[in-house]
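Undergrad: If you're matching positions, the sequence shown starts at 1 in our numbering and goes up one per residue.
Since the hints were derived computationally from the structure, they do not count as laboratory data.
Treat the hints with care, since some could be wrong.
For each label pair, taking beta carbons as the anchor points, the in silico distance ranges come out as [as the list claims (entries may be wrong)]:
#  : residue 1 : residue 2 : range
1  : 21        : 293       : 48 to 54 Å
2  : 224       : 567       : 40 to 46 Å
3  : 316       : 130       : 26 to 32 Å
4  : 570       : 317       : 33 to 39 Å
5  : 570       : 597       : 54 to 60 Å
6  : 316       : 98        : 41 to 47 Å
7  : 125       : 21        : 16 to 22 Å
8  : 534       : 459       : 46 to 52 Å
9  : 384       : 13        : 55 to 61 Å
10 : 300       : 590       : 41 to 47 Å
11 : 425       : 590       : 47 to 53 Å
12 : 392       : 269       : 48 to 54 Å
In silico BS3-like links for lysine-lysine, alpha-carbon gap of 30 Å or less [unchecked claim]:
#  : residue 1 : residue 2
13 : 417       : 385
14 : 542       : 591
15 : 385       : 110
16 : 392       : 412
17 : 385       : 412
Predicted, not measured: the structure shown is a model, and the values here were computed from it.
Quick reminder that beta carbons are idealized off the backbone N, C-alpha and C, glycines included.
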Amino acid sequence: MTSEAARTPHRAALLAQQLTTLLGEAAPAAMAFLQQHLQWLELAGGEVLMEQGAPGDSAYLCVSGRLRVYVRDGEGAQRMVRELSRGEVIGEMSLYTGEPRTATVIALRKTVLVKLDTPHFDELLALSPQVSVTFTRQIIRRLQTEHLRLPVPAPVTIGVLPVTDGIALDGLVRRLAEQLRRFGRACVVDAAEMDRVLGEPGVALSDDRGAHTRITHALDALEAEHDFVLLLAEQVPGPWTRRCVDHSDELLLVADSTQPPAVHAIEQECLAQRAARSEAAEILLLLHPAGLTTPRNTSAWLARRPVTGHVHIRPKLDRDIARLARLLARKAVGLVFAGGGARGFAHLGIWRALTERGIEIDCIGGTSIGAVLAALVAADPPVNKAIDIARKAFSTNPTGDFNWLPLISLIKGRRVKVAIERSIGELAGDQIAIEDLWKTYFCVATNYSQAREQQVRSGHLARALLASIAIPGALPPVVHDGDLLCDGGTFNNFPVDLMRDMRGVGTVIGVDLGARNPRRIEFDQVPGSWTLLRDRLHPRSKRRYRLPSLTAYLLNVTILYSTSRQHQLRELTDIYFNPPLQRVGLLQWAKFDAIEQQGYDHAVEVLAGLSETQRSALGIAAAR
């Protein structure tokens, strides 16, 4: 952390603009007071601005850069609650209360701030009471959003670093910038462009201190003028590549997937020394040939570098570049499929309707049968091919192999295993891993051994699906890292909350299979078995006792907790589907086509009634 060395005429001008935006019509005397008494600070990426529990005696304004806010809970675990960027105030509550800091704040990258201590704040209030109103409003706004799931804001400055040799990135980055312009102003800056901006040939590759200052000012100005600045690094480590790393909110590590996954010199020299806790997110971008069916060996790339996430793209496909742009701009569309046995075939009909309207899905997740069908979407096949494969795999009673010695489960599960492996194998190949899927994917299982929900985002895909669909007592559990896993519906049958928290997702589509209206019981006491048997010999419309079957009862009991959260989870969706499937049993696998069509018809109806805001979020043309 440095002090007045961070003050330059250029940054003073930026500060003046930000103070005007923050304070509005504050008296000129107040503005002059602040300009005189604010202290300048500069943090490197990973430096701590304030620690939770430390004395609170000042507030800060971010002039440039980005910071991350962490809160430590009662058990000592830290979680990230928000990110702050230029123009935002940090720690203002302490100016009023003098109480200890309620969070730890760390710089993600090189960040410049100004500091106002409590004594000078008291003088400022005496000079201009209106300032107190401004700060009070800011505190109220922050308190109002404290309980909300705030998305991580989109990065402004994105560093693009080659981590395999011989990649021609210029064309790819310019096409990415073109896609980002759908969401704001975007520009590409490489070493040559920086030379042009400053009018000094060779300055971007210089290690001169004066050159560094001029380049930093130019980058600050570009960041203030654009929503997205793509910094294209050189093919080798050097001054410009290091500046790209130091000034980036997020880093794209671009690799040719056909090359060995070894750690590149740029990673060794420019990334290895950064603070792990606070570094700007590193996203591994794996480039693949256009005709490739499914990526392979992704785990080998991920094992060698501590990245935040990864994205597979085929550079020749514009829709893959568009998907990357949506992820970076936090405008990605996430789709969630709930569990529900054979009712899950409706998911495929809804996906078909979305596809016909040109709605691109960027991230996908689900539970139980929803997890299985979501995996088909993540493999990125033509929708009709996926439906044909699912029909062939699941419409032949996959739960019909009953276990005559049910020590662990009523159903052997061999048919389910064959159905899953056959459908995944036909679309993506055998022994595929979750991280090899084209689109970002997760599924939910229940960790029986540890009594908790478990989100699965890596590892053997078929094994993860078998765990997510293993209804307790009905299908055998799956062993994973020494624990028993079973159906994820026990804890979270409709995991839209996990999708809402996923990096890059801006719009969440949820497909719920829960009953719309609970069935009311019209009698006072459950009859005996013989009475029920006689009643069930009558046609369905003439039965007196409308009770679930033993199988349905046992299956539904396993998801009661999830069902109780249905309304709460629905509120986390932007577009909600709940097809009318009350008459469809959980094990009516033979009704594949009818259920799929019901999902399609329901989706057509819902999509026709979308608001203009919803249509815009999905990239659909405005209704006429």
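Undergrad: Starting from the hint list further up, note which numbers the structure goes against and sort them upward.
TA: Numbers 3, 5, 6, 11 and 15 - these are the hints that the structure violates, sorted from lowest upward.
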